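**Student:** The residues making up each chain are set out below.
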Amino acid sequence: MTDIIKAGGDTAARRPRRPAGLPRRIAGLLVSVAMTLLGLLLVTFLIGRVVPIDPVLAAVGDRANAETYERMRHELGLDLPLWQQFGLYVADVARGDLGTSVLTSRPVLEDVARVFPATLELATAAVIIGVILGVPAGVMAAVNRGRWPDHLVRVLGLVGYSVPVFWLGLVGLLLFYAKLDWVPGPGRLDVFYDGLVDPMTGILTVDALLAGETEIFWNALSHLILPASILGYFSIAYISRMTRSFMLDQLRQEYITTARVKGMSEARVIWRHALGNIAVPLITVVALSYATLLEGSVLTETVFAWPGLGQYITNSLLSADMNAVLGGTLVVGAVFIGLNLLSDLLYRVLDPRARR
Amino acid sequence: MRKFARSLIGAAFLAGVAAGVTSVAVPAWADTPKDSLVMAWQFDDIISLDPAEIFELSGAEYGAQVYDRLITYDVKDVSKILPALAESWQVSDDGKTYTFKIRNGVKFHSGNALTAEDAAYSFQRAVKLDKSPAFILTQFGFTKSNVDQKIKATDPNTLVIETDQAYAPTFVLYCLTAGVASIVDAKLLKEHEKDGDFGWNWLKTNSAGSGPFKLRQWKPSEMLTLDANPAYREGAPAMKRVIIRHIPEPATQRLLLEKGDVDVARNLKPEQFEPLKSSKEIRLVEALKGTLWYISLNQKNPILSKPEVRKAMRYLVNYDAMRGSIMNGIGSVHQAFLPKGMLGAVEDNPFKYDPAKARELLTAAGYPDGFTVSMDVRNTSPTMDMAQTIQASAAAGGVKIELLPMDGKQALTKYRARNQDIYIGQWGPDYQDPNTNADTFASNPNNADDAAAKPLAWRNAWDIPELTKETAAAVLERDSAKRAAMYQDLQRKVMEDSPFVIMFQQTEVAAERTNVEGMVWGPSFDTNYYRLATKK
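Protein chains in written order, with my numbering: chain A, 1 to 356; chain B, 1001 to 1536.
Hints were generated in silico from the structure; no laboratory data involved.
Take the hints with a grain of salt, since some may be wrong.
Claimed, not checked - The following label-pair restraints were derived from C-beta to C-beta distances: (1) M1384/B x P107/A: 32 to 38 Å; (2) P1270/B x R272/A: 55 to 61 Å; (3) M35/A x N1419/B: 37 to 43 Å; (4) D1385/B x R71/A: 34 to 40 Å.
All figures in this text were calculated on a predicted structure; none of them were measured in a lab.
Cβ coordinates follow ideal geometry from the N, Cα and C atoms, glycine included.
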């Protein structure tokens, strides 16, 4: 993944010197985004059709009689040829209609608008933790290569990679919720606060602040901290590891030696020069890490009863609820593309070569 | 270098402080309030809140709190049919006309008066909407075109139902205790009707009932909140509110229950509830449910279709070992197709694990060295564990079973296409009458691949014209004792020789905090009631 994005970045850097007009560039961008999403939908759609699960069963249950079954098959459009089903679906999507979910009986758009903010909140908190702790940890490991801080970071990273998040979540709950009482239990909010704040963004901490409900804000934040820390730990593992290897590359460069020889303080050499130079690839790493978190972590969401996108897509997939799966995929795809564009944009800001 | 170590420690410290601050700033997590019941439950199977469509276990339980029916049955003695919205009923001499007297003064949650018109509308609506559970009503000869004549209100207190044949009255009455026969608020639904949908699009996420609770909020796979109906005909529930949280992970449910953040946990597995048996704060309640676990042998497989092989398989299941281990607390050995508690249920279990006897039978069938078959298994607990145990016990008799783990819906799709060898699964009754199981285990009107009906007998390609006739005759027997005897006979026949090896009847274990009393855990999910629950 990293390579693909890097390659994209390089292509951007190698563009002709005379850039095309802005409107043309925007149009080109939109077309490529639309084509990517269309391709994504097509692949998901086809996978959904080859999965050996009968989508009608999910809708009518096992006991329905043949007539009911056939009617639902017709209502779901499954009696049409495959290309026609896909065409109709895309036409609906173009009109902003993602269809109705079989599992929740609600418009998919409404469902996604409900579950995505939950994931967004969790992923954002996790990636913030990941960056705040992961980058300094990686820098420290690189600078102290081969000594205990390096080993510590690497061992912590290894644990982060190898321990199942499911187990870590349960142990976290057992320790911090059941034994120490530091954090509240699973869920996004204590049940008695539920529904007291109007969902404006769907992100509870933000909604509570907007409504001026500090008590609810603290409650939501306290519910967020444990799952976010656990997810964040996994980003720390990834981000610190990548930071370490980028930093090691930089620290071998001659300009670092030059800077040191010039008598620049070590802190300035490391944080300003070396870190400044790895900012570009690091953005890709963070963006990818964030995008992965935004897909929703099914296991963390399950342990913490966090009603997010991961659980939604998984449940839908296991019931062959294709509208919901396609809707969810579209969101994930859009998030990936959005973050890619964003990191591309940041490249241009941070790397003068990319601006040419 | 030390600076960097310090910066890392600093960052960690900041994060720690942030965690500390939040845990201090929030008041200590208190127990649940006295007037609310909080429950942890997996309810992601709910796909609709419309009683004409509800056909899932969790949905059925929701329906039983929010909607009332004409009649109900005693949860302690299922053979007693009790009045509910109907205060009395009569069956005509020819056995085809049922007349119900509807209670006066009952009101829906909306404040609208409940009359026989609402009852007629509810049944007509369910038949015309024709959703999954509609067959429970349409099996009495109602169609979209005749239901308005066959089910009608002759005055505000009288509902008349005409069936196409003289069925056993218990059969008809038990079907009217099912969720699809819930009485809905006709006036309210007509206000929400769009394009002739009988308000279905609205009702699948709203409520229009007269039951002890009304729907406050439903967030799919997240939260279901019910408010007490103070005007309920049998008295207001003690709990002002019931909050049900979808907690998918059983271990998480246990933590919440032990901390007192929920009052009831519904989905604990043996490994979670076993340690709770010694707890003073938590009580485990067991309720026998109608669901059966069985394995079935597809008769399209020439080996499995030999009578001796069918018989041998009955001796290759280690019933007692499973009951003492993986089924501990969640199931009891049961080998007949009618669950205990149903009219005519056979309760003796003649088969024991006996690999030597199984070998004799297999030798007689021409397989002295056994054979190899596959078994489709849904990859959930305890089904997977049961399959593994059966795999081991069958191997002792020479039968080598290859397990094919798959998702539940995938297994079902394959089963309905008759592409399996052996299937291991569950079957729960659709209504409280014995016909619900006889019709699937002992009836197969058409064994052709394109048959319209796909009962379990069909799914295992078991062609049984004689048993099919006997099952059809049993629904017409109006004498209850004779009818029970007919079902006993059918059960014995299926028990002795059929593709079905029925093994266990499910026990539901609910874990309640000891300050909660009065929850009713009935013999089916739609007879679990919260109305009488109290909290100290």
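**Student:** Indicate, hint by hint, whether the structure satisfies it.
**Tutor:** For each hint, the structure was consulted:
1. M1384/B and P107/A have their C-beta atoms about 35 Å apart, which keeps the hinted 32 to 38 Å range intact.
2. For the pair P1270/B and R272/A, the supplied restraint of 55 to 61 Å holds, since their beta-carbon distance comes to about 60 Å.
3. Evaluation of the 37 to 43 Å hint for M35/A and N1419/B yields a pass: the beta carbon distance comes to about 39 Å.
4. Range check, D1385/B to R71/A: about 38 Å between beta-carbon atoms, so the 34 to 40 Å window is met.
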